[in-house]
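Here's the letter readout for the chains.
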Amino acid sequence: MLKVENVTKVYKVGTFGGRTLTAVDAVSFEVRAGEVVSLIGESGSGKSTIGKMILGLIPMTGGSITVDGVPVKPGKEYYRTVQGVFQDPFSCYNPVFKADRVFQMIKDSYYPSVPGREWTERVHAAIEDVRLNPREVLGKFPHQLSGGQLQRLLIARALLLDLKLLIADEITSMLDASTRIDVLNLLAELKGRGLSVLYVTHDLSLGHYLAERTVVLRDGAVVEMGPTHQVFDNPLHPYTRQLLSSVPRLHAPWEDAAPVETCPYHERGATGGLAEAEPGHFVACARLDECRGEPT
Amino acid sequence: MTATTALPTEERVVRREALHFAVRNPKLVIGFSIVLVLALVALFGPVIWSVAAPNEYVALPMLPPSSEHWFGTTMQGQDVFTQFVYGLRTTFLAGAIGGGIAAVIAMVVGFTAGYRGGMVDEVLSMLTNIVLVIPTLAVLLIINAYLGIRSVGMQALLIGLTSWPWAARAIRAQTFSLRSRDFVDLARLSGVGTPRIIAREIAPNMSSYLFMTFILLFGSSVLIAASLDFIGLGPTEGVSLGLMLQNATQWSALQLGLWWWFVPPGAAITAVVGALYVANVGLDEVFNPKLRET
Amino acid sequence: MSLRVSDLRVHYRTLRGDVKALDGVSFTMDDGEILGLAGESGCGKTTLGKSLIRMDGRMRHVGGTVELDGRELPIGDDRAMNAFRFHEISLIPQYSMSAMNPTRRIGKMVGELLRSRGVPLDRKELESRIGLVGLPREVLDRYPIELSGGQKQRMVMVISTLLDPALLIADEVTSALDVSTQKAVARALLGFRDGGYVKSMLFITHDLALTSHIADTIMVMYAGKLAEKAPAEKLIKAPRHPYTRLLINSLPEIGVRHADRKLTGIPGSPPSLLDPPSGCRFRDRCPLAGDECAEEPPVTEIEPNHFAACWKV
Numbered sequence: 001m002l003k004v005e006n007v008t009k010v011y012k013v014g015t016f017g018g019r020t021l022t023a024v025d026a027v028s029f030e031v032r033a034g035e036v037v038s039l040i041g042e043s044g045s046g047k048s049t050i051g052k053m054i055l056g057l058i059p060m061t062g063g064s065i066t067v068d069g070v071p072v073k074p075g076k077e078y079y080r081t082v083q084g085v086f087q088d089p090f091s092c093y094n095p096v097f098k099a100d101r102v103f104q105m106i107k108d109s110y111y112p113s114v115p116g117r118e119w120t121e122r123v124h125a126a127i128e129d130v131r132l133n134p135r136e137v138l139g140k141f142p143h144q145l146s147g148g149q150l151q152r153l154l155i156a157r158a159l160l161l162d163l164k165l166l167i168a169d170e171i172t173s174m175l176d177a178s179t180r181i182d183v184l185n186l187l188a189e190l191k192g193r194g195l196s197v198l199y200v201t202h203d204l205s206l207g208h209y210l211a212e213r214t215v216v217l218r219d220g221a222v223v224e225m226g227p228t229h230q231v232f233d234n235p236l237h238p239y240t241r242q243l244l245s246s247v248p249r250l251h252a253p254w255e256d257a258a259p260v261e262t263c264p265y266h267e268r269g270a271t272g273g274l275a276e277a278e279p280g281h282f283v284a285c286a287r288l289d290e291c292r293g294e295p296t
Numbered sequence: 001m002t003a004t005t006a007l008p009t010e011e012r013v014v015r016r017e018a019l020h021f022a023v024r025n026p027k028l029v030i031g032f033s034i035v036l037v038l039a040l041v042a043l044f045g046p047v048i049w050s051v052a053a054p055n056e057y058v059a060l061p062m063l064p065p066s067s068e069h070w071f072g073t074t075m076q077g078q079d080v081f082t083q084f085v086y087g088l089r090t091t092f093l094a095g096a097i098g099g100g101i102a103a104v105i106a107m108v109v110g111f112t113a114g115y116r117g118g119m120v121d122e123v124l125s126m127l128t129n130i131v132l133v134i135p136t137l138a139v140l141l142i143i144n145a146y147l148g149i150r151s152v153g154m155q156a157l158l159i160g161l162t163s164w165p166w167a168a169r170a171i172r173a174q175t176f177s178l179r180s181r182d183f184v185d186l187a188r189l190s191g192v193g194t195p196r197i198i199a200r201e202i203a204p205n206m207s208s209y210l211f212m213t214f215i216l217l218f219g220s221s222v223l224i225a226a227s228l229d230f231i232g233l234g235p236t237e238g239v240s241l242g243l244m245l246q247n248a249t250q251w252s253a254l255q256l257g258l259w260w261w262f263v264p265p266g267a268a269i270t271a272v273v274g275a276l277y278v279a280n281v282g283l284d285e286v287f288n289p290k291l292r293e294t
Numbered sequence: 001m002s003l004r005v006s007d008l009r010v011h012y013r014t015l016r017g018d019v020k021a022l023d024g025v026s027f028t029m030d031d032g033e034i035l036g037l038a039g040e041s042g043c044g045k046t047t048l049g050k051s052l053i054r055m056d057g058r059m060r061h062v063g064g065t066v067e068l069d070g071r072e073l074p075i076g077d078d079r080a081m082n083a084f085r086f087h088e089i090s091l092i093p094q095y096s097m098s099a100m101n102p103t104r105r106i107g108k109m110v111g112e113l114l115r116s117r118g119v120p121l122d123r124k125e126l127e128s129r130i131g132l133v134g135l136p137r138e139v140l141d142r143y144p145i146e147l148s149g150g151q152k153q154r155m156v157m158v159i160s161t162l163l164d165p166a167l168l169i170a171d172e173v174t175s176a177l178d179v180s181t182q183k184a185v186a187r188a189l190l191g192f193r194d195g196g197y198v199k200s201m202l203f204i205t206h207d208l209a210l211t212s213h214i215a216d217t218i219m220v221m222y223a224g225k226l227a228e229k230a231p232a233e234k235l236i237k238a239p240r241h242p243y244t245r246l247l248i249n250s251l252p253e254i255g256v257r258h259a260d261r262k263l264t265g266i267p268g269s270p271p272s273l274l275d276p277p278s279g280c281r282f283r284d285r286c287p288l289a290g291d292e293c294a295e296e297p298p299v300t301e302i303e304p305n306h307f308a309a310c311w312k313v
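Taken in order, these protein sequences are the chains called V, G and U. Start counting the first sequence at 1; every next residue gets the next number (full-length UniProt numbering). Start counting the second sequence at 1; every next residue gets the next number (full-length UniProt numbering). Start counting the third sequence at 1; every next residue gets the next number (full-length UniProt numbering).
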C-alpha cells in the first residue's frame, strides 16, 4: 500500500544555504492495506516531516514514496486517496469562515456535479460516521466547536473522498484526555473499512494502544521497527528502552533504563543499518548479536 | 495545554469584537470623521458651491474672506474656495489612485513572494529592496520634469509605481506566517490551486492588515503629490491643493499677508494625512487586543 | 500548614459577562507537600495557579482568601503582591523558552535579576543548584538559545527557586517537553523539595500519570470547582468521584491495546462557565446522576484526607 524507501530530507540552512541539515535520513518502512502503523519519535526526529512528504506538502531530497505503486504526486488525483489530519484542530480551520467550509471545498474540487441535496446527505452520513450529530456541528464557526469535534469533522472530511491512506499527525495531542480516546477509537475503526492509517505521535502509550506495527525514529533515522507487541515487550535498541522507561505510567513507578550513551558503540556511530532480530522486527544495531537480550 | 488552546480562540473573538471596539475608539472615530467630511466636500463641493471654473477671474484680486468669497480671492482674482474644493477633489483622487496602484502591486508581490518562498521570494525581495532604496522623490522629479504635459492620473500612477515596496515587505512577512498554518495545507489537500488559496484562505485573514496598509499608502500618496505640486511638478492643468500652495508662494502671498490663500490648502493636506494616520493608530488598537485600553 | 485557600472565587471579565473560572475552591497544603493539580482545559487549574501569584488584567478577585504561613495574601492587589513574589511565592512558567532574556548570558541575567530584587548573588549556591538539576555549571556563560528546551526549563527552575520560596507554582512545565526530558525535569522538581529549597509545590498539569509520579496529593478540578482531592496513590487506585474514575479509565497505558480492551472517553463537554448550570456541574455527563444532583454537592471528607464533591460517593 504505502511504501517509503530510503527517503531523505536535507534542509539548507545558514546564509546562502551554506550548511545542510539532514532531517530525515534514508528512512524505509511500509504500511499495508487495512493496517495502523505508528511512527513514534521525539521532537526533531523527523516524524512530521515524513508525514508531510507522504502528503506531498514538502518535497523530498531523495528516495521514493509510493502509494499502491504510484509515486507521490501532489494534486487533485493524489489527494482523492491520500489525506491528512494534523495536530492543531484550531489551526486547520480558517478562523474567518464556518467550519463546514472544509466540506464545501471537497465538493468544489471533486464533486462539482453532485446535486446539492445528495451532497448534504453524504456529508451527514460522513458526520454520523465519526459519531457526531450533524445538527450540532454544521453551520458553526470553528471557535464554537470543541477540539474533539473539529478533529472528528476533519476525519469526516477525508471520508468523503475515496480514501485509502490517512496520515494522522499528532491528531490527539491537543485534545483533552476524556475526548482523545474517542478520536483514537475512530482511527482504529477506519482500518475495519480497509483503510490504512499512519499514526504519527510522540506518545508511546497512544501508539501502543492503536497500532499493529511501530516504527521508532531518532534524529531522522529508524532505530527500531516491527510488530507493536514485539517492539514494546522486547525492545532491542537502547533508545527504545530509554523512551519506554521514561513514559509515566499510572500504576507503576518509573523504571530506569541505561541511557543510549552507555551503549559501547554509540560514540563511534556504529548503529549500522537495520538488522532483523526476529521475523519482522528490525533494529538499527551493527552489534546485535553481542548485545542481544542483554540489558545494556 | 490551556494556554495553547486559548490563544487561537482569543484571535477569533477579536474579529467579532472589532466592531464593538471600533465605534468606541475615539482616535478611529475622529480620524475617519475628518476624512469623511473632507471627502464629502471634495465630492459635492464643486457641484454645490462652485460659481465658476476654478481658474477663472471672478472678482477683484486679493479680497479677504467675506460672505461672498468664503476664502477670499487670489492675486489673479480667482475664488480661493472654489479652488479649494476642486483641489481637494484632486488630492483625494491622487491618494486613491496612487494608493490603490501601490496597494495592488504590494499585494501581488507580497503574496507571491510570501507564499511561494524559495527562488521566487529571493527575486521578488531583491526587486522590492531595489525599488525601496531608489530615492523616490528624485526619480519622480526627473520623470515629471521630462514629461511635458502632466495629468493628475499620470502623477498618481507614478506615485503608485514607486511607493509600494514597504507595503510589499509587510504583506510578504504576514503571508509567510499564515502560510505555515494548517488550514493552508488542508486547502492544498482539498485540491485547491495556489491563486485561490491566496485569495480565499490567506487574504481574508489579513483583511484588517490590508486595509491599514491601504490607508497608509493613501496618506503617503497625498503627501507626495502635494510635494510634487509644490515644487512645480504637479499637473499642468487643473487645480490641486499643492498647486494652490505653489501659486501662493510664487506670488509672495506670505509677504503680502494673503493668509487666506495658503492656510486652507495647507491645513487641508495636514488634516487629511494627519486624520488618516490617527485613524490608522485607532484601527491598530481595534484589531490588536494588546493595545486596547480596557 | 503552609497554604490555606478558602472559598476562592476568581472571574474573567469578557464582553459577554463574567466567566466564573474559579468558583469557590477551598483546600490546604502542608509544609513539604507537592500538590498535583489536574484537570482538563478550562477547569480552572491555570487560573488557580495564576491567582496565587499574579492575576492578569482580565482577572478579578471576587471572593475568598488565601493564607500563606498564616499571613493573608493580597491576591487582588497587584502592587502589594510584589513583596511576596519571588521571595515567598515563585512561578515556573510554561514557556521557559521565552522566559529568559535572549541577549544576556545566563549568569549575567541571573545577577541582574537578583540585584533588582535587592539580593546579592551567591555564585557558589547557584552552581550547586545547577548541579542538582543535572546541568553543567558552564551554562552560566552561555546564551539561552544555546540550551535545549529541557535544559532551559531546568535553568528557569533554578532561577525561580533561588530565594527558597515557601510556595512554588509549576504550571504545565513539562507539557512541551519530550518524554525523556520530562522525566528529568520532574525528578529535578522532586529534588528541590527534598533538598528543602522550596517548602511546598503546586504542580499543575493535564497529565494524571505524570502527576502521580511526583505529587503527594492530587487534586482534580472540574468546571471551576474541586471534584476530588486525595493522596496520590489513593486517587489513582481508588478514585471515588465519577469524573475522576471516568478520566482515569480513559487513559491508555502501555499494555492496553484497542484490540484487547477498548477504552471509552467521557461523552459530552464541560459546561460554559459564563453561565454555569446549578447543581453538580458534572451532572450532564455523569452516568450516576440522579435527582439529588440538581443540588450542588458539598466537598466532604469521606476518609481522612480524601475529599470529594459528589452525592454518590
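Don't read these hints as lab results, they were simulated from the structure. Using N, Cα and C, we set each Cβ at its ideal position, and we do this for glycine too. Take these hints with a grain of salt, some might be off.
[To be verified] Here are a few chain V residues that face chain G, going by a calculated C-beta distance under 7 Å:
no.	residue
1	Tyr11
2	Leu57
3	Cys92
4	Asn94
5	Val96
6	Arg101
7	Met105
8	Ile106
9	Tyr111
10	Pro112
11	His229
12	Phe232
13	Asn234
Ascending list of hint numbers which this structure does not respect: Per hint list: 1, 6, 9, 10, 11, 12, 13 violated.
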